[in-house]
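Listed here are the chains, written in short residue letters.
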Amino acid sequence: MYAVEAHDLTKQFGSLLALNRVSFSVGEGETFGFLGPNGAGKTTTIRILTGITRPTSGTATIFGYDIQQEKLRARRSMGIVSETSNVYDDLTAWHNMIFTAELYHVGRAEREEKTKELLEIFGLYGRRNDTVHGFSKGMKRRLTLAMGLVNSPRLLFLDEPTSGLDVQSNLIIRDVIANLVKEGVTVFLTTHNIEEANVMCDRVAIINRGKIAAIDSPEKLKKTIQSVQSIEIAFDHSAKEHLEGLRELATVNDARKEGDKVRLYTDDPAAVIDGVTAYAKQHNLRIISMTTQGPSLEDVFIRLTGLTIGNERRPQK
Amino acid sequence: MTDVLFFIRRIPQEVAAAWAIARKDMRTYYLKPNIIMSGLLFPLFMFLAFAVGRNAPPGTLIPGLIAITILFSASSIEPVSIPIERRVRTFDRLLSAPITFHTLVVGESLSGFLYSLGIAMLPLIVGIAFYHTPVLHVVTLMAGLVLSAFCFATLGTLFAAYPTENVGEVMSMLNLVRLPLIFVSGVFIPLETMPVAGQYIALCSPLTYANDMIRFAYDGTTHFGPFYDIVFLILFILIFQFVANRLYKKFNQ
Chain W
2 MYAVEAHDLT KQFGSLLALN RVSFSVGEGE TFGFLGPNGA GKTTTIRILT GITRPTSGTA
62 TIFGYDIQQE KLRARRSMGI VSETSNVYDD LTAWHNMIFT AELYHVGRAE REEKTKELLE
122 IFGLYGRRND TVHGFSKGMK RRLTLAMGLV NSPRLLFLDE PTSGLDVQSN LIIRDVIANL
182 VKEGVTVFLT THNIEEANVM CDRVAIINRG KIAAIDSPEK LKKTIQSVQS IEIAFDHSAK
242 EHLEGLRELA TVNDARKEGD KVRLYTDDPA AVIDGVTAYA KQHNLRIISM TTQGPSLEDV
302 FIRLTGLTIG NERRPQK
Chain S
4 MTDVLFFIRR IPQEVAAAWA IARKDMRTYY LKPNIIMSGL LFPLFMFLAF AVGRNAPPGT
64 LIPGLIAITI LFSASSIEPV SIPIERRVRT FDRLLSAPIT FHTLVVGESL SGFLYSLGIA
124 MLPLIVGIAF YHTPVLHVVT LMAGLVLSAF CFATLGTLFA AYPTENVGEV MSMLNLVRLP
184 LIFVSGVFIP LETMPVAGQY IALCSPLTYA NDMIRFAYDG TTHFGPFYDI VFLILFILIF
244 QFVANRLYKK FNQ
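Chains as they are written, first to last, in our numbering: chain W, 2 to 318; chain S, 4 to 256.
Hints were generated in silico from the structure; no laboratory data involved.
Yeah, the Cβ is synthetic: ideal placement off N, Cα and C, and Gly gets one too.
Fair warning: there could be bad hints in the mix.
Unchecked claim - Covered by chain W, according to a simulated footprint, are these stretches of chain S (three or more residues, beta-carbon under 8 Å):
id, segment
1, 7-20
2, 23-31
3, 90-100
From just these sequences and the hints, can you work out the full model?
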């Protein structure tokens with residue numbers, strides 16, 4: 002049985018088509034990433050899958066339960082961590098946890114035990130009797146995640162879990178998620194952090210303008226755009242003045258300055274290496290380092306979403 | 004069979020969840036200045052504006068003061084708390100929890116209900132301690148307090164269903180209903196002395212029955228009789244609960 006199954010989910014807000022026949026499935030124990038630019042439909046998808054928003058058409062099931070027809074059964078097995086740290090500022094950390102546990106019908110003894118355990122894991126037990134009002138952004142985020150886990154969910158929805166967090170909170174949250182995955186919890190996460198998805202997810206779906214552009218494992222997605230390979234070179238002189246010259250080399254699709262280095266995009270790395278070596282000799286440049294790199298998940302994301310920065314478009318072959 | 008068992012097992016869980024929502028509101032909102040202002044001070048000043056200068060002994064005005072205190076205090080919590088929770092996204096927690104909209108509406112209403120019962124004790128105690136106003140029918144008074152408090156708390160929850168993050172918007176709409184109710188429900192102007200049209204309008208106001216029942220408990224005078232007061236207050240509760248439930252469903256899906 003799938004943890005999540007979405008069939009032809011469509012959501013229309015007035016004239017805006019927020020989701021357009023979105024279909025996918027997430028297996029039990031899988032970590033599934035949902036990537037997309039702002040306004041692509043990520044949060045709308047989560048709101049439909051958690052039963053907060055009704056789709057215009059299409060269906061979704063959670064462990065076999067239809068989220069619209071059997072909402073309460075479906076929700077019992079899920080934990081939800083929303084994009085904003087939606088904690089009750091005037092309640093203590095302890096009361097926030099207990100309240101959430103009560104909403105999820107967790108028994109008295111279990112909720113106190115689970116609350117203690119989670120507050121300890123997230124480094125908040127010492128502050129359990131303080132109102133959340135005085136907590137830092139990272140502490141509130143950790144508490145939000147702890148609240149999402151208080152009912153021991155089989156499926157965890159994480160909307161931008163580590164966005165804008167300090168290093169300590171980031172590490173704690175990633176560590177907790179890694180442990181949940183080991184325990185067999187299914188994780189459905191949306192993120193802007195492509196590297197996070199690359200490291201954490203078994204599969205990712207890339208959504209753009211309400212449509213799924215691709216679904217696969219990060220490595221398989223990268224293989225689909227092998228043409229976006231690159232070579233990173235550092236010279237002993239400033240690379241800035243040679244950017245145009247390097248761009249003119251045969252088989253170089255684009256050249257970009259990255260710090261004190263230059264990155265050349267190509268579909269033929271070997272030819273570019275020869276060309277760069279000849280260029281360096283001709284201009285009396287010494288090559289300090291040269292590394293070839295395959296396409297990143299970010300390249301896949303940019304390719305599939307057609308992301309542009311101003312008028313500039315990242316290289317696409 | 005499993006559906007029936009699931010439903011039966013759910014009832015105590017839903018009750019517990021409603022009580023948890025009420026407790027959360029108590030901890031969070033009871034001492035908020037705008038709730039104290041609209042729930043306690045507003046009815047007091049409104050009452051003084053009408054009571055000062057009248058020939059009636061102050062003690063006879065206590066039932067009316069209790070009725071409007073309950074109206075304002077019971078209906079003041081949710082119109083403040085729910086828009087705030089929408090703004091800070093904590094309301095999403097309630098919408099995404101495994102609870103029904105009925106539980107949400109009852110839980111939200113419970114906090115206003117308990118708040119107003121506590122606030123209503125003030126004029127009650129003032130009446131007894133300072134004006135020696137006797138209560139003839141204690142049980143009727145208790146029933147009247149409980150029913151009217153829950154009725155007006157549900158009214159507040161109903162108005163808070165309006166999908167806004169602005170407290171002022173809900174309060175403006177609510178006051179558009181609450182303020183006229185005071186004048187058409189026999190609180191300051193006895194029903195008998197009102198024009199016929201006014202008397203018909205009074206029949207549509209839950210405050211009419213709350214005021215009538217509380218007045219009966221104090222001095223034994225009544226327009227409808229406590230039985231009909233109870234029936235109509237229960238009817239208003241059911242209507243408000245039903246409409247609130249439908250509105251929360253409509254605006255949140």
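Evaluation of the provided hints:
no.: 1; hint: 7-20; verdict: holds (count 5)
no.: 2; hint: 23-31; verdict: holds (count 6)
no.: 3; hint: 90-100; verdict: holds (count 9)
Checked against the numbered hints above, the structure breaks none of them.
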